[in-house]
Amino acid sequence: QKEVEQDPGPLSVPEGAIVSLNCTYSNSAFQYFMWYRQYSRKGPELLMYTYSSGNKEDGRFTAQVDKSSKYISLFIRDSQPSDSATYLCAMSKVQGAQKLVFGQGTRLTINP
Amino acid sequence: SQTIHQWPATLVQPVGSPLSLECTVEGTSNPNLYWYRQAAGRGLQLLFYSVGIGQISSEVPQNLSASRPQDRQFILSSKKLLLSDSGFYLCAATGAKAFFGQGTRLTVV
Numbered sequence: 001q002k003e004v005e006q007d008p009g010p011l012s013v014p015e016g017a018i019v020s021l022n023c024t025y026s027n028s029a030f031q032y033f034m035w036y037r038q039y040s041r042k043g044p045e046l047l048m049y050t051y052s053s054g055n056k057e058d059g060r061f062t063a064q065v066d067k068s069s070k071y072i073s074l075f076i077r078d079s080q081p082s083d084s085a086t087y088l089c090a091m092s093k094v095q096g097a098q099k100l101v102f103g104q105g106t107r108l109t110i111n112p
Numbered sequence: 113s114q115t116i117h118q119w120p121a122t123l124v125q126p127v128g129s130p131l132s133l134e135c136t137v138e139g140t141s142n143p144n145l146y147w148y149r150q151a152a153g154r155g156l157q158l159l160f161y162s163v164g165i166g167q168i169s170s171e172v173p174q175n176l177s178a179s180r181p182q183d184r185q186f187i188l189s190s191k192k193l194l195l196s197d198s199g200f201y202l203c204a205a206t207g208a209k210a211f212f213g214q215g216t217r218l219t220v221v
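Just so you know, the sequences run in chain order A and B. Take 1 as the starting number for the first sequence in the numbering used here and just add one per residue. Take 113 as the starting number for the second sequence in the numbering used here and just add one per residue.
Chain B with its partners taken away, still in its complex shape (with noise of 0.2 Å):
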């Protein structure tokens, strides 16, 4: 079965601190990665899409950005935290169906 696992669950940033999300993907070769986030009571934001090692398109301008070092390895990263960062981050693939991880709840502080 396809599953993708997220970390962590929760995260409390302090504002200017770096990020390091990271999604990884089982049961399935070669899918389409992608990083959404998702404000309270929102729907979703897509930030990110990967249809390949090395291959990011961004949606939105913005201080994230993110890497795909592996075929079913997808990395959401910053440099400096914004208070506006905070979210719920999911990341999600597309084999023949798209499915999500759990998402990691961020409070930049």
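Chain A on its own, in the form it takes in the complex (with noise of 0.2 Å):
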């Protein structure tokens, strides 16, 4: 069993629509959950930061932990085209931990 698992997708939804995105994990030790944004061809960029349980706002972006579910959320409201991207989940036990486990990844795609 993997540690973090993600499905991978792909994910095609229409313009303006509510996006959820998942991961689940088995190691119990996470504190630290992020999500990261990939367009084709980049690297990764940080979108949601978290630590422990509870709800994250950034715009149109919410993170959601559930660490008695070992189940974690991203929300993207009123979507929009050029969210199209791939979706990394993400955790550590500690802060700036030696390892990062990342999910295998979800490709999503908002259609105009």
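Quick caveat, the hints were computed from the structure, so don't treat them as lab data. Even glycine gets a Cβ: it sits at the ideal position worked out from N, Cα and C. Accuracy of the hints is not assured; some may be wrong.
What the hints assert, rightly or not - Okay, the calculated beta carbon distance ranges per label pair: (1) B:P181 / A:I18: 45 to 51 Å; (2) B:N142 / A:S53: 25 to 31 Å; (3) B:K192 / A:R77: 49 to 55 Å.
Hints in hand, dock the two standalone chains.
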């Protein structure tokens, strides 16, 4: 079993829809949770960063962590074609960890 | 702000040739540094990570090697490239948060 599981998609939704991206994990020691957005042929860019359980909102993006279920989510409201990218979840046990553990990435397409 | 400079952006090399990819980091000190490889449509595979100068940990056996001659410099090398070394190579650093360079797309022909 992988430490982090993420549905690779692809996921295709119409513009304006609410998008839900998810990851599950098996190691209860994970404390820091990240979402990265990666455009084609580019490096991943940090989108959201959360510590422990709870929600964090930044504009149209909301990151949600449920440590009891070992489940994290990224919600995108009012999705735009520019949101089309691969979204990677990542997590670590400590800040600035020696190892980050990544999900496989979900490829998302927003159709105009 | 934290920035990773990674070059070259694209590289086409023949089988059996050597490789040297360089990564430098700005905006943070004493970072942990990483080399990842990303195959098409797949996740990130951690190749090497370093917690300090001269300290390299290898995650997978392969014909690649890494070196960290300076605090903010990380180099990925190979003496003889294989076809299977083709992929998208990413350098990353963690200070307070983890951030990535723009990657090098390597095609071995």
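_Let me make sure I understand: some of the numbered hints might not hold for this structure. Which ones are they, in numerical order?_
none
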